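If you read the protein sequences in the order shown, they are chains A and B. The opening residue of the first sequence carries number 0 in numbering that gives the first Met the number 0; numbering runs sequentially from there. The opening residue of the second sequence carries number 0 in numbering that gives the first Met the number 0; numbering runs sequentially from there.
Each hint should be verified, as a subset may be incorrect.
[What the hints assert, rightly or not] Cut-off 30 Å, straight-line C-alpha distance, at most; resulting in silico cross-link-like pairs (DSS-like, lysine-lysine):
| hint | chain 1 | residue 1 | chain 2 | residue 2 |
| --- | --- | --- | --- | --- |
| 1 | B | Lys112 | A | Lys428 |
| 2 | B | Lys326 | A | Lys209 |
| 3 | A | Lys209 | B | Lys114 |
| 4 | A | Lys428 | B | Lys114 |
| 5 | B | Lys250 | B | Lys182 |
| 6 | B | Lys114 | B | Lys326 |
| 7 | B | Lys182 | B | Lys326 |
To be clear, the hints were calculated from the coordinates, so they are not data collected in a lab. Just so we're clear, the structure is a prediction, and the values are computed from it rather than from any experiment.
In case you want the letters, here they are:
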Amino acid sequence: MDDPMLLARIQFAANISFHILFPSITIALGWLLLYFKLRYVGSRDMKWMDAYRFWTKVFALSFALGVVTGITMSFQFGTNWPGFMHKVGNVAGPLLAYEVLTAFFLEAVFLGIMLFGFRRVPGWVHTLATFLVAFGTTLSAFWIIALNSWMQTPQGYEIRDGVIHAADWWAIVFNPSMPYRLTHMLLASGLTASFLVAGLSAYRWLRGDKAPSVLAALGTGIRTAAILIPLQILAGDQHGLNTLEHQPAKIAAMEANWETRANVPLVLFAWPDEKARTNHFEIAIPDAASLILTHDPDGVVPGLNDFEGNHPPVAPLFFGFRIMVGIGVLMLLISWWGTLVLWRRRTPGKWLARSLLLMTYSGWAATLAGWYVTEIGRQPWLVTGILRTADAAGAVPAPMILTTLIMYLMIYVILFGAFISVLFYLARKGAEPTGDPKEGAIQTTLGSTAEAA
Amino acid sequence: MFDDPALWLPFVFAGLMGFSILVYVILDGYDLGVGILFAFADDAEQNRMISSIGPFWDANETWLVLAVGLLLVAFPVAHGMILGALYLPVALLLLGLIMRGVAFEFRIKAHAKWKATWNWTFFAGSLLSALSQGFMLGLYVLGLEASWANIAFACLSAVCVAAGYALLGGAWLIFKTDGALQKKAANWARVALVATGIGFAAISLATPFASPRIFEKWFAWPQIALLSPLPLAAGACFLGLFVLLGRLPLKDDRYAWAPFATAAGIFIAAFAGLAYSFYPYVVPDQLTIYEAASAPESLMIMLYGALLVVPVIAAYSALSYWIFRGKAAGDLYDH
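In isolation and in its complexed conformation, chain B is listed as follows (with noise of 0.2 Å):
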């Protein structure tokens, strides 16, 4: 099998941008919930949500970018025919995405008249991301066939995303704030997890039925026997946070980090499940990751850039984070 790259590379670049999908909705996923959770804050707060995403948003965003230019140059034609296909839902992210992106700089450069107005479109633009995120998923999985009963579902799915995004935001600031603010974070995760788990087990229950091909694989024996720990364990996550939540903040700030290790652990679970399901299909049940992929050469070449230069970026984002550890601040990140 080694000696045909047309038949390893197509496997390793998808195995590449579902890494960067999930490193994407992980890392995006908490700043945007940060995002969405900023309706519910008061002014001193929202500035130290602000400063609690400020150094790492930029690079969470460019994950995106990683993963979109992926589909792109490694299945060009899946990606018009996704895109395509996703055409409003993608104009909407990206309004989405250009509002939260230019208030973080607006809020606080324009005149303070303008704040209310830049805090409102930072809420907004954050929600809207993550609406459309979840809508998008929820079409794909249908195999992108715009029928009501899809889009209904897709409107769950986008509720999902949008409350496992918040989960995500309080998460983080369970890790990154303390005093008032961390104990009102506990409480929005706990909120946001509720309306996260119902989502996850709707989606759940409903992929296998809405597709015959998915159904077989989950649910044949031996893969049932194979694939129940998958459920289990992100069931037994959703308990154990939930449980947490109701406890935290505990005294020296212990396990501050574990709402958020477990969240993502959620989010590596259903994404795992998801990989699964869909494999070998980019387009589901019309267009394999074989028939779409690029040109042996530029796949290669794209390989070589990957495995040299993504460590790097991994090194440099540690130390940024590295750098910026702790607890965020008030007004100034660093007091």
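So here's chain A without its partners, still in its complex pose (with noise of 0.2 Å):
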């Protein structure tokens, strides 16, 4: 523990772990208050204002603990790395600024109207004001993603005296794997925020808490995750295909295809051993790697061989792909059989509410494998071909990261246990009893401390 780089690695990737569980909810979260919100301006039908309150104060909470670890990492990009800024700060300052004036104000400000402004304002300002936040989040998640997918697939820029400097914007913004991974987050967000609004509303309806708003939102949780999933597969695969394009080392370390070769298998399982560079115990489908990569089962994929020496680390990305499409059947399987079931039934029974509950985080664990692949596997670059990570590292010595690495991992444990155990004492307590929203008190922050008290 005495390697700066690697502390100081350990303590960003502990920042953004703990930074992206939060957007990853509010992103889509956001879409789904402003469904329920116009379900009920549409129909006036209370149960979508209970499903909006009560699913507003899940959003006040993890919009406030996004909000806190995200300035954390505006300092750390300096501190941590500080010749990431000085190599490429000319293209990634911009896509920054632009985050925090195009979006950051907006959220926060309308944010506030949102939760403490409903009998201030008219309705449709009020609605105005929900969409408004939803938008910003999803505006920043398209800027932070420009500058990820930059960062992996750079393009746009030219170098004068060993600075990269922004040539054509529109190319940096538009980089090959931007759309691409813009769209796949997007719907992760939607599945994480799908799957926590049915698991906690399951876990209610478990309860006995069998109040229509809370049928509403396990339904709007169960049909949009079924609706998204299908969309999701295809988003996935289709940037597997980009990745095979521009970054093939990545899906070689993927695949833990160790040849260059045709008629790949598609490996199930196995114990990746980077010494021999070969696999153990491995479990394959013939010719299935080639078949979806190349759509062709003699199609030829790279291997690790053509990349030895300079490829990222296989392990993590071999087991962390497994993990997020092992969440993405799962997810598949059960909002499928979900949405048959209330179809045909209209209320969920025990064994369906059983599963949504086991899967009310199942986008988290995702979202977070499916993030440790493609960032792990950028490496060892950490601006692919331009910047290799130990380039980037700082002077600050390693017995200061240590010090604040175990204060930010154990405020990070609190905070993480504690946002649990509220969503899930909030869920206990449900929503209060439903009246004129004029009249009675909208649940917002402030509107909950009386029944806190």
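Mind docking these for me? Both chains are given alone in their own frames, and the hints should help you get the complex.
Have a look at this one:
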């Protein structure tokens, strides 16, 4: 534990991993809130308003955690990776600045109106504020994914005096992997929020809370997931093909394919051995990887031997990818089964509800696994072909990084536990009885003070 | 001069960054200050204090992200030097901001048995954020060198900034509340004003003597004559505010806005003094804004964005303050 670069990486990975949990909820939950609000406006059915109120609490909590962990990152770009800003700051800087200018203020101001302004503004302004919050979170994702994708597949730049200069902003923002990564992430957020909504609603259902709003939210979660998961599988496949074209070493590591060859089998399970450069205990489907990646069973797939000494570590990519895909398959089965059950019986049975409860945080696991694949898969580069991670590290001494790392980890563990337990606590408490929202207390951050006391 | 953007762009971005820092200090200053005063209030008062800042704090904090973002993107080398030298206080600042930001939500969403814990977290996080900002300012003023004398000076600056934020917080509460809490807030603000004044005077006197360059900038003729209105105006603000705080609240809530406006004026005067002292340096006595600036074409594209978007941000921020005008209520923001 005395390698400053390793510590800086662990610290940044810990922060960014903890951070992504919350945007992955709020990006899509914002749109689900807008859906609840619009259904209420359209039908005046209080169950939609109740669902809106309950999930607004979850949104506000997730948003606060996303904001504070995001502020941490804006400092760590500079403290942990000074070489990054020095080398590619001319590209990364404006993209980050545009995220702050166009998205952060928008979200923050209109979240205030959305949470506290229900009875201070006309109904349509409140709905507009809800829309702008959802729009702001999505816009924020757009900018940060543009930057991340540029780091994966950079273009539109020129090098002068060893420093990157922007040459074509359109090419920089819409770099080759950007549309795929953005689609994949937005759908991932949709699935994370859908399974969170379905899972917590199933929890309430199992505890006997059968309010119409619970069933409405549960149905919305299941059906949204059932629609999004086939789209996600398609988007993931296309993203994979895009990666094969631009970052073949990443694909070779994900598939633990050690040799460039035709008729590559799809490895279902194995124990990749980077020393012997082979797989142990391999279970594989013949020709399937060639079929998926080249759409031809005889297609040639690049192997790790083409990139020896210059490819990412194999095991984390291999397992991370399988965890993500495995969760995706489970999501497909459960959301379609749930849609079928709700379509035939209108209410969930015990086993469906239990399965949904188990899947509550499945989106987190899949999203994290996917990000680990793509981020570790970029190594040893920080910006592909331009800047190695090792060359971006700073001069902060190891003990100082270690001290702050321990501090961050401790607070993240506490906050993680508090977040999960408060979500279940809110679910147990349920929404307050319904009434005319103009009369009753809208369940804002402050509105729930009375009931907590 | 306008022919060459490499000459005026760094100046414009230093101005934008300074503006963001100043807006941040005044806006987040009042909500951090309310957090510091949290320890002295009872349960009902605490709910009311929270509701006076609830709709605003998140946007207030975004000015910090913008300021750090501008430092990062416009002066990347300076960002590395400053934040690298301030690594530990920055970590403590982040810890404080995390603690108070989440406590906002957790204190009313978690089980009631945890409420006291989260209230304490909110207070401690606010105080820690204010202290570490003051500490960073103090060390920055003295050129980021961590000698014992400098650290002592930074600790003084930490207390001064925390007191200044408590002053802003108290003044905000005078503006946004009424009754017993308003009276209490006037007392809090008065104590904070005295503490701020002592720290302020100490820092103002110490800075020129710590840096010969700054001494030269302030005490050479004719600068001393041209600049003398600045400390004189700040002094007048202190005295006037001290008198006013002793008399508030007045009939019909007259001048309830004045303490906040005056406190903000003090911060603006202090900021102007600092900006004058350091220009053209972004890292004191080491790196000027012209040496540290990013490439002109990158600054240009950000300038377009900023010119287009900052007025829009100002407009909807103003809309938000207008929507939530008037006195903050108890449990519910809007009774």
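A quick look at each hint next to the structure:
Of the supplied pair hints, the one linking Lys112(B) and Lys428(A) holds, its CA atoms being roughly 14 Å apart against a limit of 30 Å. Between Lys326(B) and Lys209(A), the direct Cα distance comes to roughly 39 Å. Violation of the 30 Å bound is thereby established for this hinted pair. Between Lys209(A) and Lys114(B) the CA atoms are separated by roughly 29 Å; this keeps the pair inside 30 Å, and the hint holds. For the hint pairing Lys428(A) with Lys114(B), the CA-to-CA distance comes to about 16 Å; that is within 30 Å, so the pair holds.
Annotation: proposed proximity of Lys250(B) to Lys182(B) holds, straight-line Cα distance about 13 Å (limit 30 Å). Between the alpha carbons of Lys114(B) and Lys326(B) the distance comes to roughly 25 Å, so the proposed pair stays at or under 30 Å and holds. Restraint check: the Cα-Cα separation between Lys182(B) and Lys326(B) comes to about 14 Å, which is no more than 30 Å; the hinted pair holds.
Comparing the model with each earlier hint shows a violation of hint 2 alone; every other hint is respected.
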